[in-house]
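Following the hints, complete the assembly by docking chain B onto the known chain A.
Line by line, the protein sequences give chains A and B. Just so you know, we're using this note's numbering here: the first sequence kicks off at 9 and counts up by one. Just so you know, we're using this note's numbering here: the second sequence kicks off at 1063 and counts up by one.
You can trust all of the hints, since none of them are fake.
Taking beta-carbon pairs under 7 Å as the criterion, some of the chain A residues facing chain B (in silico):
#1 193
#2 197
#3 212
#4 219
#5 236
#6 239
#7 242
#8 243
#9 246
#10 250
#11 257
#12 260
From chain A, some residues computed to sit far from chain B (all C-beta separations above 10 Å):
#13 13
#14 27
#15 56
#16 82
#17 83
#18 85
#19 93
#20 96
#21 125
#22 140
#23 202
Source of the hints: derived by calculation from the structure; they are not laboratory data. Note that the structure is a prediction, hence the values are computed from the model and not measured. All residues carry an ideal CB built from backbone N, CA and C; glycine is no exception.
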Amino acid sequence: MMAGTVAINTFREAVRDRVLYNLIFFALAMMAAAVFVGQITIGIERLVIINLGLTAISLIGTVMAIFIGVGLVYKEMEKRTLYSLLAKPVRRWEFLVGKFAGLVLTLAVNTALMTLGLAAALFYVTRGFSRADTSILVAVYFILLELALVTALALFFSCFPTPMLSTLLTLGLFVAGQFSTALREYGHVAHNRALELLLGAIYYLLPNFHNFNAIGAVAHGDAIPGALILHNTLYAVLYITVVLLGASAIFANMDLK
Amino acid sequence: MTGAARTRFTRGATAAIPLLFVAIVPLQRGIDRYRASMSAPEELWVGSGTLLKTISMGYDALLADIYWTRAVQYYGAHFETGSSQFKELYPLMSIALTLDPRLTVVPRGGSILLSEPNPIGAGRPDQAVELLQQAIVGKHDDWQLYASLGFVYYWYMKDYGHASQVYLEGSQYPGAPIWMKGMAARIAELGGSRDTSVMVWSQIYQTATEPRARENAKQHLMALHAQADIEELQKIVDNYSGHIPRVTSLRDLVEDRVLPDVPVDPAGYAYVLNSSGVVTVNPASSVRMDILDAGKHDKAAE
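If we strip away everything but chain A, and leave its shape as in the complex, we get:
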């Protein structure tokens, strides 16, 4: 399975590039928050730690997914390692899927370690765990789905000519995807049928990153319905498939000479 080999190598390369060093920053932030949260807030220490921790996991992961993701193909082309790789029995789509899986694996490891850091900070602040804290794991899972989708988009745009353009496009789509719900609401209140239909179509076309935001809900101890977990998983899988198919189609027709 060539895609698996590419994935393992991508993960190894990320570790070699000291990508996981961001964990030091996260650990410091969580330690500082755990120590100072009691002094700057009253009664919402748990809330602040969970909000801060999950937001940091999401932000750090997103930055990694975008900035590493857009270079996945470009770097291989620039270093000309892609040509020797494709000379072997590796299909182009396998190469892309391998790259995607490798970065998602890196992000998963990174997220798992940050979640441990968050749990430690939470334990320090609340002196124990409650049953409601288990829903934090659901929020982390949603973040991971979000990161996988961002990675797929970054990979798609990494097939474009320059990393700068790829970064801007990925970032733009990520921001637009965060506001897609607001876009649809605007369509509802605009009292213009054509505009409402247009914004409705855009709403379904854009990757809806708002779907994966459960930070506020779990911080308030709300349970996440199992059906939502299933729907979000299917949504992410389906959207990632679409994006990777698109990326593979572009990459398959790329002139690599």
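Showing chain B alone in chain A's frame:
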């Protein structure tokens, strides 16, 4: 991969992508449904406009626009769903105004949304007053802010003393129209009489630039006009019924030559006499008498 295989792959992918997108639509609808049922509490990420201004790195004006847009969307979304809770409306507007004190659309438009009774608005004229006073602190020589504040005091709070005082104060600033002084004097003299209400709403109708505000003023003027007609017609019906008890419709009065014709309201619909002998607007008419509830004029001042 050979050239032919690549072409086959591309064709397959191009065909599959739209189909997969079609599958995404019901999935997204399901997610929307579940997320709505989670009923997350309405929250402001940052509740302090001053703090936001500090951390906005000079982009406070843009942030103000975003907050005002968010406030309008918040109002629209709650209005569309029939929810009468507008808990975050005032904070959103206050933050937008703190970020950009010159954004006078916020207090002028927002004060109406805050003041209008449920379910149209938040039913909080006190918050509208606070918002307008905040705006006046930042732009103290804007007569339009005084006109809006005077209006909230007059119509929604029926505080004629403050209303008169505010109109008078605003009339002293450059550009203030002459009617501001007249309004102050009239409110001081006659309080909440219908004629004063007609005068206030006429000014709103003439000066409003936003179509919905103009339409709202027009609706109020039509309702005030109909209210005067109904009172007059009721007097005639009551007097006439005193002599001949069997008046079942206004047409009876026309046939007995008490009225030349059945009068019509400003929307063109004939007034009706109900089974209790009370004159009302025609149910088919677009004139809505309930909108006068917020500012029921003072009978004693008539």
